[in-house]
Amino acid sequence: MINKKAFKIMVMSTALLLLVVCLSYARTDHREYKDATPAECRDCHGGAGIMSNHGGPFFVKEHRLLAQKAGSNCADCHQQSFCLDCHKGGNIDSDLRKSLSRTGEPMPTTHRSGWISIHPIKAKDDGSQSCYRCHEARFCSDCHNKIRNKGSMNIKSHQAIGNTQRFVFTADHAAEARRNLQSCQGCHPDAVVCSQCHNMKSGKPFRSR
Amino acid sequence: MRLIRLLVILLALACVPLFSYAAEVKMTSSTQYLWYQDYVADKGQDEIAQYLRLNVTKLDKEGKINFYSYGRITKQVSSSDDVQGRLYYGYVDYRDVFKDHLDLKAGRTFVNAAAVSGTMDGLYLDFKNFGPIGVTVFGGREVIFQDKKEIGSGNALAGGSIYLDTVKNTHVEVSYGKTYRDSEVARENVGLDFSTTPFDITNFYGRVKYDTKAEKYNELLFGATLAPLKDLILRGEYYQSYPTFDAASIYNIFAVDKYQEKSIAAEYYLTKNYRVSVKYAKEDFNGDATADVYEVGFLAKPIKDFTLNVSFEKRNGYAGQLSGIRLFGQYRIDKASILAGIDYDDFRREASREGSAKKYWAGINYEFSKIMSAVVRVEQNYDYNYDHSYQGYTAININY
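The listed protein sequences correspond, in order, to chains C and U. Reading the first sequence from the start, the letters are residues 0 to 208 in numbering that gives the first Met the number 0. Reading the second sequence from the start, the letters are residues 0 to 399 in numbering that gives the first Met the number 0.
It is worth saying that the hints were derived from the structure and are not from the lab. These numbers come from a predicted model, not from an experiment. Each hint should be verified, as a subset may be incorrect.
What the hints assert, rightly or not - Which chain C residues stay away from chain U? Per the calculated CB distances, all over 10 Å, these:
id	residue
1	Met9
2	Met11
3	Ser112
4	Arg165
As the list claims (entries may be wrong) - Taking lysine to any residue and the SDA-like style, the derived pairs with C-alpha atoms no more than 20 Å apart in a straight line are:
id	chain 1	residue 1	chain 2	residue 2
5	C	Lys60	U	Ala265
6	U	Lys278	C	Thr108
7	U	Lys303	U	Gly328
8	U	Lys313	C	Ile115
9	U	Lys167	C	Ile115
10	U	Lys167	C	Leu64
11	U	Lys63	C	Asn72
12	U	Lys281	U	Ala254
13	C	Lys60	U	Lys63
14	U	Lys63	U	Lys148
15	U	Lys177	U	Lys148
16	U	Lys98	C	Ser71
17	U	Lys177	U	Glu187
18	U	Lys148	C	Ser71
19	C	Lys145	U	Gln145
20	C	Lys145	U	Gly328
21	C	Lys87	C	Tyr32
22	U	Lys167	C	Arg101
23	U	Lys271	C	Ser127
24	U	Lys313	C	Lys145
25	U	Lys148	C	Asn72
26	C	Lys155	C	Glu135
27	U	Lys63	C	Tyr32
28	C	Lys60	U	Gln239
29	U	Lys313	C	Ser127
Even for Gly, the Cβ is constructed at its ideal location relative to N, Cα and C.
Work the whole structure out from these sequences, hints included.
Structure representation (structure tokens):
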């Protein structure tokens, strides 16, 4: 049985040691490596460390954790325009890989060909959260509210009656709304259409949270 | 009026070095002519854009005070729309206000934390190197870009974080952020991030983001990276998200489902110039709604200055099917960089349209000198909406 005094000394010494180790740490300034290529970076960061995914095949999706660290090294090499040209549609460095959107702004390369048709599929990946990292919710309604002939959109949960603006809600619509509620906002920013059926008079309440 | 103000500010700031200690000015200008198909207006559009990035560095003797700015003005020549403008950022960056202990950014700047991100007109402070601990604090008017201009007023964001950087590349950070819409609190989040590399071959990372208004975990992420060989990197990840809405949104009363994704990925460098990558993700939208996503990629640099990149993606399940291949190459000859690519996607949306989309594109960047270069990019699309849709741009870039 270790006596209390010895135990206290052990705890205090361990804490002191940890403190010394922590205090002796200093972050490396990477500004002098600014012109290095990712291949050269791997000379130091070849393992599973911080550099492993920099410029890698999945880096576009994975970089946000690194970029959102307080005190990250990103600014040692990159200007903010490097971020904003992708996230906010700029093009000062003329990245030739990027296509133009319907508004003439360059889109990140994650936006595939035929993007207007394909985006409802790709937007589902990661629960649509990656869309909202660059776009406000009103970005969707800006386009969807102007769509000519909305009946042709053929949304699974509500099918148009002929080529009209009248819709029939299918049995799927409750489940679809729960899975894709953020996309409902795209056409119905104020949800007035929901309350036409779901109101106190109809006796069809929402199944709330 | 806003545009004139923007130009006056940029020009005034360009004069700052005249009154400063041996300041260095670096300017990048890109004058572009663009043409593209506007799906909503149902017509082709032509546009002129002028980008300007102005950096004035070493404003003080020690080179700690710098100014960075970047903006754009555009005019659609094929419509009667007004000239539109954006100031992406314009801030003074003062490093080491107190030696090694305080960095400051003042003006319009982009802030990025787990709890809140955005562009703001305000102040960012980083109290750093207090042992392994640092603290950031920021806040200001939030700037939202939409339709090629700034919109809204009464928006603001504020936040901060406490972070610990210590041995084994360990970073632990707790962040807090709030956004305001029309002066009312719209979102309030708390984020916890961690990353550590206990051994050279292993890295663990994660994130927890909690929406305090909705009282829900908005995001959970846990992952591990393993490099059993120098040229092999394996990754496994679990991700979960739960949609939340602005506090005033009617959508807050609706029930929603969480989204879950489990993924594994590998990348392997066959040699220094050849790399293969594979990834598989299982997406779960709750109930019987799931999807499988497979990705395979190949990168080759068979000769000097030539890079070839091929990737294939296949997605099956909820929301639709997608099979797509993307191929692009890049070659540098003397002063010219030439890039070209082909994309082909076959898609099938649930209960809706199906078809294929093809994209052929090519571009060249020619450097006349260190100061001046010219860019041309053209692209032809064949897809569900267009028999063919031609787009591109040409640019004259100046750097000095």
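Taking the hints in turn, this is what the structure says about them:
no., hint, result
1, Met9, "21 Å, holds"
2, Met11, "18 Å, holds"
3, Ser112, "4 Å, violated"
4, Arg165, "18 Å, holds"
5, C:Lys60 - U:Ala265, "15 Å, holds"
6, U:Lys278 - C:Thr108, "18 Å, holds"
7, U:Lys303 - U:Gly328, "13 Å, holds"
8, U:Lys313 - C:Ile115, "18 Å, holds"
9, U:Lys167 - C:Ile115, "45 Å, violated"
10, U:Lys167 - C:Leu64, "17 Å, holds"
11, U:Lys63 - C:Asn72, "17 Å, holds"
12, U:Lys281 - U:Ala254, "23 Å, violated"
13, C:Lys60 - U:Lys63, "33 Å, violated"
14, U:Lys63 - U:Lys148, "32 Å, violated"
15, U:Lys177 - U:Lys148, "23 Å, violated"
16, U:Lys98 - C:Ser71, "18 Å, holds"
17, U:Lys177 - U:Glu187, "4 Å, holds"
18, U:Lys148 - C:Ser71, "29 Å, violated"
19, C:Lys145 - U:Gln145, "15 Å, holds"
20, C:Lys145 - U:Gly328, "37 Å, violated"
21, C:Lys87 - C:Tyr32, "27 Å, violated"
22, U:Lys167 - C:Arg101, "46 Å, violated"
23, U:Lys271 - C:Ser127, "36 Å, violated"
24, U:Lys313 - C:Lys145, "31 Å, violated"
25, U:Lys148 - C:Asn72, "30 Å, violated"
26, C:Lys155 - C:Glu135, "24 Å, violated"
27, U:Lys63 - C:Tyr32, "19 Å, holds"
28, C:Lys60 - U:Gln239, "15 Å, holds"
29, U:Lys313 - C:Ser127, "18 Å, holds"
In this structure, the earlier hints numbered 3, 9, 12, 13, 14, 15, 18, 20, 21, 22, 23, 24, 25 and 26 are contradicted, and the remaining ones agree with it.
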